[in-house]
Amino acid sequence: MEFRRKDLLGIAELEPGEILHILDTAASLKEISTRAIKKVPTLRGKTVVTMFYEPSTRTRMSFEIAAKRLSADTLNLTVAASSAVKGETLEDTAHNLEAMEPDILIIRHPASGAPHFLAKRLRCGVINAGDGIHEHPTQALLDLLTIREAKGRLSGLKVAIVGDILHSRVARSNIHALTKLGSRVTVAGPATLIPPYLETLGVEVTYSLEEAVRGADVIMMLRIQLERMGQMFFSTLREYSTYFGLGLRHLKLAKEDVIVMHPGPMNRGVEISPEVADGVHSVILQQVANGVAVRMALLYLMVGGEKE
Amino acid sequence: MEFRRKDLLGIAELEPGEILHILDTAASLKEISTRAIKKVPTLRGKTVVTMFYEPSTRTRMSFEIAAKRLSADTLNLTVAASSAVKGETLEDTAHNLEAMEPDILIIRHPASGAPHFLAKRLRCGVINAGDGIHEHPTQALLDLLTIREAKGRLSGLKVAIVGDILHSRVARSNIHALTKLGSRVTVAGPATLIPPYLETLGVEVTYSLEEAVRGADVIMMLRIQLERMGQMFFSTLREYSTYFGLGLRHLKLAKEDVIVMHPGPMNRGVEISPEVADGVHSVILQQVANGVAVRMALLYLMVGGEKE
Amino acid sequence: MEFRRKDLLGIAELEPGEILHILDTAASLKEISTRAIKKVPTLRGKTVVTMFYEPSTRTRMSFEIAAKRLSADTLNLTVAASSAVKGETLEDTAHNLEAMEPDILIIRHPASGAPHFLAKRLRCGVINAGDGIHEHPTQALLDLLTIREAKGRLSGLKVAIVGDILHSRVARSNIHALTKLGSRVTVAGPATLIPPYLETLGVEVTYSLEEAVRGADVIMMLRIQLERMGQMFFSTLREYSTYFGLGLRHLKLAKEDVIVMHPGPMNRGVEISPEVADGVHSVILQQVANGVAVRMALLYLMVGGEKE
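Residue numbers (this note's numbering), protein chains in the order written: chain A, 5 to 312; chain B, 5 to 312; chain C, 5 to 312.
Hint data in this document are derived by calculation from the structure and do not stem from the laboratory.
Since this is a predicted model, take the numbers as computed values, not measurements.
Honestly, I wouldn't trust all of these hints.
If several chains are the same, the list does not tell them apart, and a pair holds so long as it fits within one copy or across any two.
[As the list claims (entries may be wrong)] Dumping the calculated DSBU-like pairs for lysine-lysine here, alpha-carbon to alpha-carbon at most 35 Å:
id	residue 1	residue 2
1	43	259
2	184	162
3	124	43
4	124	34
5	10	34
6	43	162
7	43	10
8	259	10
9	124	155
10	124	10
11	259	124
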């Protein structure tokens, strides 16, 4: 199987074979970041532009590092410094960037669907780096790579996804990815933070953290995104933490070799206890390292590789 | 004719031969941006610094892409993060940057004349990327390149420049450029937005959009820069749009092969209708592409090329 | 003597031999910035990340230019765009960056000790680019290089450091450096801006500018950092300037070949008169040029050089 898409907009539309091909490519590129000279000339003379309409440290830097390690040139357009303040439409901004002949646009936007809207209108490739509460496909891909490294497989696993499911594009992308590849997903969170349609996606729903993690191979904790919630969906952070914060005692309910994941940035002491975040089951920093590898793979496949 | 200036501060001081030499160089470099490997080693080991004291997406990115495609290193100094907040003078900031041995400083500043002030005091080259309401020479150069591509010539054309002439450095640079090269410029806009001295620059003035575009080869719409105006010079945006917004019906008054230009970012539905902006006469995205080519030409001529 | 440290956190912990080795390396690398092609391939494929939690023009750009001239890739994390707003701890942010395999992290932080905190927890090298009121070691190193270029030696000199000693990490790093290398330091400033423990560092204290500069080989003026002071430590800027602003008349009290230094950005007319800042004794712009050289030396020694 190859990956021959112009854009990467979401996991929902990918074939299992495409996902696995991206992961295999990432696994083979991962070694570059551990060399003394962390750079290959593959994308020399290519132009990668990031357009981030929401603040982000790790995702933007991860893409930028991925591009530089492949020798591409990178340019960052950030909101504050952009024409957005001058009232230009997103489409006009994107067409203007495209006229400068970038090879790929990487976009994060608070509006769900913004990358799809652009992808339809632009000749150049578009990667969704997170759109509203819709999808964050590169996060799901790096999560899959991390799970596969730890478990040796992506099928037949029990995965618990815990927290604010309603607003989480990370959850949505991972649910698509894990169910496509044959794992079983249980989501848990306060009733106010679990959307009603979830069972149609083939996942189990519970309102108990204990139940979700029982027998789990993988526990994926979500960030409480206070900045995205607008209003409170639970009474207090302390109450949230009491019922849905992952502590060492919960790990005893899971498989012995359970891994704990978090997309970051973490609210320590809210959704995850420091003991768990820094403990032996945590693969949180492996996730970050795999983020660079997965993004290198996508840039390679979409810009430099099989498209030529 | 060659281009042997240390600085590019405005169109006013350029000879027609210099302008044409820049355009010819841009035309020959333009092809680089369409290659699979969009990069030549011409400016390897050169340092290009942008100092933007006003927000801008396209101009800064256009310069940065131009520099990278010539293999120069680029550094961006933006206002918010700069020592400006610490009360340092512009001259001290510039001298400090110069001490780091950049090959060229690209400056945008709200004060008319700021780049000239620096150019006199610095050894390194200075490019004016827009100074107050004075000049924006690289915009005029990219406009000329776009007109020449469409019309095959720069003389004997009728060019209408429409909108807020008073505050527009784009208008000022284009008026200098077009009249030097033998085209006839008509400006149009509300009486409050047309400065009294304009006729001394050799242009015709009208207060009617219809009159300005009649028989025009080129229509150049200006952005209503609400953020730069400080106070209102017309009653409402709706009234402005009624009298000076370019619609399809105006194009019928112009030459059949008229081209429509806009420096961006556009206020769709204010100074230009979406039908015109996206229509067959629009060359707005060619302008953006030519921006990269013109800036590559300047960097090549000033940093890498004929100065050695 | 070699320089084999993982981190550069402060001058306090360096041996004189290490300091001199850094200066010798800087002196030999300085010539690169004056070449037509200002770039050597030494750090190709290395990744240098700056994390600036305080605004800065010259220090960040100086590091970035230094890295690029050695062919390293650079990435900038600035506060506003960072996860700091999302409540992530500094340690988590740093661990996340480290997981992306940078070769070195350069950090500026308002909390004294922040770089030390990180250095202990990270495998990758950490350079302190200024921490609170504690140290700013690269500033002291560039000051030493500048003094040595002017005086031919670093021992037996009389150095006056004048201004807000209390809040100055520049003063603290220079006091450590100069006393280690055998020069005599006199500090001067308003009594409210001189901390009580200073004499234990082996410096002389005076409250008179005249007394401090009498017979001085070097006068180092400090910036009045209004943005860092929180409250006023003197009645008015005018009063400060009257008693502690360096004018031409003070230079007559110093050695004939005295040099005047300032770390920038300068408040002209407050701590230093324009006549002195721009006069023949001023080496302020040499300091900036030497900043690039010293940072190239550190990156070379810590990332590319003797560690391999």
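Next on the checklist: So, against the hints stated earlier in the document, which numbers end up violated here?
Outcome noted: 1, 6, 8
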